[in-house]
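Peer 1: Chains as they are written, first to last, in the working numbering: chain A, -4 to 329; chain B, -4 to 329; chain C, -4 to 329; chain D, -4 to 329.
The hints are simulated quantities; they were obtained by calculation from the structure and are not laboratory data. Check the hints yourself; a few may be wrong.
[As the list claims (entries may be wrong)] Now the in silico label distances, taken between C-beta atoms and shown as ranges:
hint, chain 1, residue 1, chain 2, residue 2, range
1, A, 32, B, 91, 50 to 60 Å
2, D, 327, B, 225, 36 to 46 Å
3, A, 89, D, 234, 45 to 55 Å
4, C, 152, D, 277, 14 to 24 Å
5, C, 269, D, 236, 47 to 57 Å
6, C, 289, D, 236, 25 to 35 Å
7, D, 154, C, 152, 42 to 52 Å
[Stated by the list, open to error] A few chain A residues facing chain D, derived, Cβ under 10 Å:
hint, residue
8, 26
9, 30
10, 110
11, 118
12, 152
13, 179
On a predicted model such as this, the values are computed, not experimentally measured, just so you know. Note that the Cβ used here is the ideal one computed from N, Cα and C, for glycine as well.
Number of protein chains: 4
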Amino acid sequence: MNSCGRIFRLHILGESHGPGVGVVIDGCPAGLPLGPDDFAADLERRRPRGAGGTPRRETDRPRLLSGWWRGHTTGAPLALWIDNGDVDSSAYDELEHLPRPGHADLVARRKYGGFNDPRGGGHFSGRLTAPLVAAGVVAKKLLAGVDITARVLEVGGERDFTEAVARAREEGDSLGGLVECVARGVPAGLGEPFFDSLESLLAHLLFSLGGVRGVEFGTGFASAHLRGSECNDPLVDTAGRTASNHAGGINGGISNGNPLVLRVAFKPPSSIAREQHTVDLRSGEITTLKVGGRHDACIALRAPVIVEACCACVLVDLMLLAGRLPPVLPRRDG
Amino acid sequence: MNSCGRIFRLHILGESHGPGVGVVIDGCPAGLPLGPDDFAADLERRRPRGAGGTPRRETDRPRLLSGWWRGHTTGAPLALWIDNGDVDSSAYDELEHLPRPGHADLVARRKYGGFNDPRGGGHFSGRLTAPLVAAGVVAKKLLAGVDITARVLEVGGERDFTEAVARAREEGDSLGGLVECVARGVPAGLGEPFFDSLESLLAHLLFSLGGVRGVEFGTGFASAHLRGSECNDPLVDTAGRTASNHAGGINGGISNGNPLVLRVAFKPPSSIAREQHTVDLRSGEITTLKVGGRHDACIALRAPVIVEACCACVLVDLMLLAGRLPPVLPRRDG
Amino acid sequence: MNSCGRIFRLHILGESHGPGVGVVIDGCPAGLPLGPDDFAADLERRRPRGAGGTPRRETDRPRLLSGWWRGHTTGAPLALWIDNGDVDSSAYDELEHLPRPGHADLVARRKYGGFNDPRGGGHFSGRLTAPLVAAGVVAKKLLAGVDITARVLEVGGERDFTEAVARAREEGDSLGGLVECVARGVPAGLGEPFFDSLESLLAHLLFSLGGVRGVEFGTGFASAHLRGSECNDPLVDTAGRTASNHAGGINGGISNGNPLVLRVAFKPPSSIAREQHTVDLRSGEITTLKVGGRHDACIALRAPVIVEACCACVLVDLMLLAGRLPPVLPRRDG
Amino acid sequence: MNSCGRIFRLHILGESHGPGVGVVIDGCPAGLPLGPDDFAADLERRRPRGAGGTPRRETDRPRLLSGWWRGHTTGAPLALWIDNGDVDSSAYDELEHLPRPGHADLVARRKYGGFNDPRGGGHFSGRLTAPLVAAGVVAKKLLAGVDITARVLEVGGERDFTEAVARAREEGDSLGGLVECVARGVPAGLGEPFFDSLESLLAHLLFSLGGVRGVEFGTGFASAHLRGSECNDPLVDTAGRTASNHAGGINGGISNGNPLVLRVAFKPPSSIAREQHTVDLRSGEITTLKVGGRHDACIALRAPVIVEACCACVLVDLMLLAGRLPPVLPRRDG
């Protein structure tokens, strides 16, 4: 299903080398001031940068095709569309019968009977995160008073990773990385025990991102090594503030008012300029493949703004559900 | 929302100290042979055991209230209900104004305006996993040819953990743990890139379990330390078998036919028989609390069958969606 | 799917001759005062009465299995269960191979491969409207200020129909009827243009009732005979009141604040004590059938409270969506 | 919610006088041969014609923005977009404070706090049926063996209505009409008792069309005048064929294999070139209004292809759910 959310609902569409990529946001409150320029900063953060990114030049300026009039959202479905420019599909021609290891090439071919658009990964491309980031911009604007900030914690296992990225790129290799996101100002009471815990909804969206292999909240996997007497967060006031935050701001699937903390593990990108073994789908023989084209050495570097977008969209949906965001924003004059 | 799934849909209900707990399964194929005895083995596995479990005696034999006739599912909503017996709510009376650290007590009270049933955690209780396990039994019976097996990997950071659990219990403390689940025989092609990746659907369900702090697939968080040349799984045949399985059986959100591998991190149970700090909701003053009653020293010990149930339910749903399970099973005569 | 609604969600279950029938209401606001006695009046209205009803004695007193504590809803899924008493399945034994004309017998058998419970219509029974009425009771209690009243307009084409019903029953026949429902006090703004118009949501629920063959709003089918100059409702104030109400209180799929008016056409019950032609499923030969057992001569007579329930449930859902009903009700002291 | 369907899901978007209108179809089987020319015939049928239609020239040729490659659907979300050309919004400027009787002007203004795009009705415009028709084209192509044909039964109460339409147009007035749709070749077994009866799903979609005031199946409202002995359809073979078809091809909410028959009542269009009373939203005074611009004298004339589209989309969804349409179509060579 290309949809997520119950009230603030995202529908995502497009392919890497087709006409473009986009998102339709249903249930966006009416009256949000919005313009094409609002997307620039976050889409720029998503763009490949420095040594770790792909040289592909993406000029991503969404057009507002629906649900927008006179500088505000109207309450009708909000459609954001980003044209695909600068597309070179030639590098993918030779790959038709040589599925790239670690990629969705082979499963997509099987799932869709070979009808899928394989160019640039098609609908599986990381390019689909551009409309997600655009949706995140809308969500963040709706979340007055909530600050969502993600950052790269480490790359290839190192906290100071600039050099490691450059080295991997030189060697035609790629690196995994870890991203942490903290949301401050999240009201208590968002999420439900079954089945829509706050963790469930966030993880659902985060695990739909390509390359994500793990998601954890608060102390996360390290909690498994702790004792209850160490892991419980002592309450310090009736508002629910806690002395520690091992829970990452969530109890019983529900936000508790303390900072929401989560971490996302990204695997190294699969496309590398080194020889790898694969199978030729025509002959069935094992052969080698060296993926050409332009690729990221580390997608984690571009991921923080995408992770923020996922969090923001989930939080807006839950705040609408809880009646903490109105379906029509108050008019701002002057 | 108390529902999950698109075709094989679970609705969960009940409280720890109310009349009982149950699950309604909508979309279960007609014609599945089923009886009350089918649930015994898995519900027994969920029961507290040995040093790590709570002494509460749970005799969980589901009654089939709907969707069942002459020993088969009928195609109507299948309702499984487990009465709550052996319930002692007295231990919870004193807790009304003393929220237990690490528990949902305070957030539930706020979210539901104090109308929630707090006895035994109410709808937040681990007791709600009993109907989930029952749903898992149904799902496993539908998954002929798929083997789903979960086990405890480690407790409190140790692979040989029997003694550690006994020690924690003696000291009135609790331990976290790690559970791994492997599903073999999962057909390729299950899941979708956006937003219903196989990881998304599994994590959604797993994170609705109490005490889960992290979920990872394949090499998981360790992938973040790898290079692409290490992490990619070389293809060895046209069926998609791979030499390694860092991907945990999933590419691009879709099962690839290799074993599905995931791990779930459980924090130590919050209820411990040691003094902890909390706040008195009446006075606003910080005080201490020692949780009485019967509690698990380590929920991870009971978790494997619950994790299996989550996996089985998701897989059945996806196999129905993919047309790999029919809505009516062939009649078996004799 | 056994579910309807987006926030106030109903899941219905049970069969006519199984253990019972029930409904799980997810998303019911916490804090609604509720008790088993609240259901008596409306369930009594649903019971067969006088000459038009079946003599089956239904003692329908729901048990509250989940989501209820100390006389209030808790915010957890609210489960209402009605045991089936006084069940005599013998009349259905002979019908196994003789599908009753007008009934779901044959399609159910085919759809579910013969695994469906055919006794009393199973999950297709009119008995399933009992939990719907129970859900309607909850919804009506939530709808302070909205008055929903349905009544039988005509039976067998006649406005004064008592005698017609008695005659039909004597002759072993049955009669169709027309029910009108008016809701006053519905706030303007409920519903959406696509695809969840107010008419769409109401019709969805109403057409799931057995025997419903038509649904119309305002002037309904008669609108097709009118000219725009006759059919348009002139506005008389800025609040949106109109001089006439051909629109039945809805414009563009959205409530306009005028009374909501709809009519539902019920066909005559299919079970009649007269000889009818059917086919013997074993021999394939055409034969005759006379349905025994106890049946309604006119279901429309029992339908008003059911139609009210459908309207009430839809309106509660939309008011929650619009933020006009809070997820937690204010506490009433004293 | 701008979505309908469970597997074959439509998301609709756009406004009458914005950049365009479109539909995203999620869950469309991969491998359907499709091209922009496939839409021409049905979109031409939807266009205003002769005396009854608006003179607005609509050149509706959808662009395939997603989910389409090399002449086939790919399995990714299929996006169809129709640009709005030939738009003159000047006629709507004066209406800002004069809500048109019978229109959604006032309710939309209230629901969306005045942020809605009012030009041409915005998202409430009949223009939104163009992408629905386009979705219907896709659905019909998927429904090999099912013939869906709708036609105008009567206009303004007359079966021979050409002259009546011309007269109404001359007089600046409009007419209602009745449309009947028959689907032959629908397999038995589609639909569910609660809550997704075949009637429920069809009515849900049909009632989201502007101007629909009633929907009935088979003998419909006239059933309310019949006796059971007249209304029951005698079975004539084990396949479920019936001698009559009062049920319109549906029993218990499930298709029975006989022709599916439904009728839809359309009210006369609200926009008429005659003086009507309305209220001035600034002064609160009652005033008169004469709607300029180009409008249909009878939308029922354009409606058959739209009604067919609704039926086709529902049937495809149910056939996918029932496993009667595969998620990937077999490849057709040559």
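Peer 1: Look at each hint and say if it fits the structure.
Peer 2: Comparing the hints with the structure gives:
no., hint, result
1, A:32 / B:91: 50 to 60 Å, "53 Å, holds"
2, D:327 / B:225: 36 to 46 Å, "43 Å, holds"
3, A:89 / D:234: 45 to 55 Å, "53 Å, holds"
4, C:152 / D:277: 14 to 24 Å, "49 Å, violated"
5, C:269 / D:236: 47 to 57 Å, "22 Å, violated"
6, C:289 / D:236: 25 to 35 Å, "30 Å, holds"
7, D:154 / C:152: 42 to 52 Å, "23 Å, violated"
8, 26, "5 Å, holds"
9, 30, "15 Å, violated"
10, 110, "4 Å, holds"
11, 118, "4 Å, holds"
12, 152, "35 Å, violated"
13, 179, "29 Å, violated"
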